[in-house]
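Participant: Spelled out from the first residue to the last, the chains are:
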Amino acid sequence: MKILVAVKQVAALDEDFEIRADGRGVDPDFLIRDLNEWDDFSLEEAVKIKEASSGPVEVVAVSIGPDEVDESLRKCLAKGADRAIRIWDDAVEGSDSIAIARLLAAAAGREAPDMLFAGVQSSDQSFASTGIAAAALLGWAHAAVVSSLTYAPGAKTAIFRRELEGGLLQEIEIQCPAVLTIQLGINTPRYASLRSIKQAAAKPIEVLTPADIGVGDGDVGEAGSLSRVRRMYVPDKGRAQLIEGSAAQQAARLAEIIREFKGAAP
Amino acid sequence: MSGILVVAEQRRGELRPVSLELLGAAQILRREGDTVAVAVMSADPGRFVAPLSVAGVDEILTVQVAAAEFDPDTVESAVAALIADRKPDVVLVAHSVDSFGYAAALAASLGLGFATDVFKVERIDGELVATRGGYGQKINVEVDFPGRRTVLLALRGGAFKPPEQAASPRITGFAPPPVQSRATGREFIEMSAGDDIDMTAAEFILTIGRGIGEEAKVPQFRELADAVGAALGCSRPIADAGWLPKSRQVGQSGKTASACKLYIAMGVSGAIQHLAGMKHVSTIVAVNSDSEASIFGVAKYGIVGDIFEIAEELRSLF
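Chains as they are written, first to last, in this note's numbering: chain A, 1 to 266; chain B, 1 to 318.
Keep in mind the hints are simulated off the structure, nothing from the lab.
For every residue, glycine included, the Cβ atom is placed at its ideal position computed from N, Cα and C.
Per the computed footprint, the stretches of chain A lying under chain B, defined by three or more beta-carbons under 8 Å from a beta-carbon of chain B, are: (1) 5 to 14; (2) 136 to 143; (3) 167 to 180.
The task is simple: from the sequences and hints, build the whole structure.
Facilitator: Printed below as a string of C-alpha cells:
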C-alpha cells in the first residue's frame, strides 16, 4: 500500500523585496523558502495512517522544483516519509498550477498509490487548484478541504469531513483511489527529532525530468499553462488610520473607541 | 452564444450570497451583444429563480441534478455540458470551498484559461485580465490567458458588488448528462460549540492570533476581553492548536461573526480567509507589531506596537 503526498516549497517575501526587472515576478534573492504549511499537515496525515496500519504502507513525498527543493523534501523524510521524488528541468520554469498538476498526475500514474494527498493551497500563490487538477488528469475521485479522515490503506472507500464556510462540516464517503486536499488543523504535525533528521540524510530523493515520466516540454512551462503572469506590483498600502504615540496613548485612544461603541450600542 | 456563464452556488436550500456578486462581476466583463446566463444546479432548481432574477441577467438555466448538495462529479459534468452547449467566453464561479473541489478539475480537463481567488476583472485592449493576490496579499498579480477560447475565473467573495435591481430573465431548463458520482454526501455537522459562546450574536469581538505566541498568554486576553465587554475570538492557528475551542474561531471557515460591529484583532496578521470573514464589520481595529501585516489593509484603525504592552495598558483603563 502506498500514499503519495504532494508537497511544495513555498516562498515568502523578505522585508525589502524587489520586483524583477521584467515586472512579472519577485527577485528570487528576496524570497525566503520553506515547506508549505498545509503540506506539513498532509504529510503528517499520511504518516499517521502508515503508523496505524497493520500492513506495510509506504509514504512517498513528491515535489516539483529545482535543487533547492531537496531541503523541503529532506524535512518530509525526517518527519516520516519513506522516500521522495523531485521532478524538474528548466522547461518547467513558468508553469502555473495546472502545468504542475500535469507533472504530479504523471508521477502518480507511475507510482500508482492508493491515495494522493495535497495541501488545500499554498501559502505563497494560494491557487488551491494543483491537487484537484491532478485528480482530473488521473481520472480519480477528488475532494477539497478535508478536515478529518478515516481511511485504512487498501480500503475501497474513505470517509472524511470537509470544512465548509461558516463553521459547517459535511461528512462524505469517497471511492479510492482519490485525491484529497488536506486542511490545516486536521492533525498536529510532529517535529523532526535530531535522530530522524540524521536518518533522513540516508533516505533517497529520486530526481526525474518531465521526459522521464512521459511529459513533453510543450505540456509544462508557459506553453503548458492555462494562465500567464502579466504583471506583479505592490498594491496601495492599507487605508487603516494609524493610532500613533506611546503604548499608553495608543491604548487610551482604543479605550475611547470602545466606549464610543458602547455608548452608541442599544 | 458568446457571453458569460455564471455558476450560482447553493447549500441546504439557500442561495449563497456570493452568487449575486458573480452576477455583478459579469456586468463588468459584459460586451455589447453578450448574454449573461446564470446556471443553478439543485434537485429543485426552481426555488432559486426568484433570488437570481436580478438586473443584468438575461437567462436563468435551471439544472436539475440528482445530488441534493454539492458533488464534484455532478457539477463538473453539468458545467462541462453547459460550456459545450453555450460556448461562453467567460465562466464565473465563486472562489469557495465547493469550487476548490471542482474548478481546477474542470479547467484541466477542458483546457480552459483559469485563475482563482480573483478580486478584479477587466478587459485591456480587448483581452481579459484578472488580478489576484500573491505572497499573503502583499503583491497583486495580473494574469491573462493567451490563446484560450474560454476562461474560467473563480472570484473572491466580497470583492464585487451584487446587482440591486430586480428583473425578469428568461428561464430555461437544462438537462445535464447522466453522471455516476464517486462520492456520497452524508450529513452536515455544525462545528461543536465547545463552550457556551455564540460568536454569531456577538457585537463586539476581541480576537487573538498567532502573535500571542504561546498558550500561557491566552488567559490574560480572556480576562481583557471580559473587562472591556467583548467576546473573545481567535484566528485559525489558535483554534487548530487547541488553545481555544473551534467555536471561538472567526473568519471565513470559522463562525460567521455576522452581528459584529466592533472588532479588535490583536496579533492577527490577516490571512485572506480571515479577512474575508470579517470584511463586513464597520469598525476593525488591528493591533500588530508588523506594520506590513495585511490586516492593516482592511482595518479602520491600526496600532503598530507590542500587543502585550497595549493589552496591559488597555486593561488598566477598564
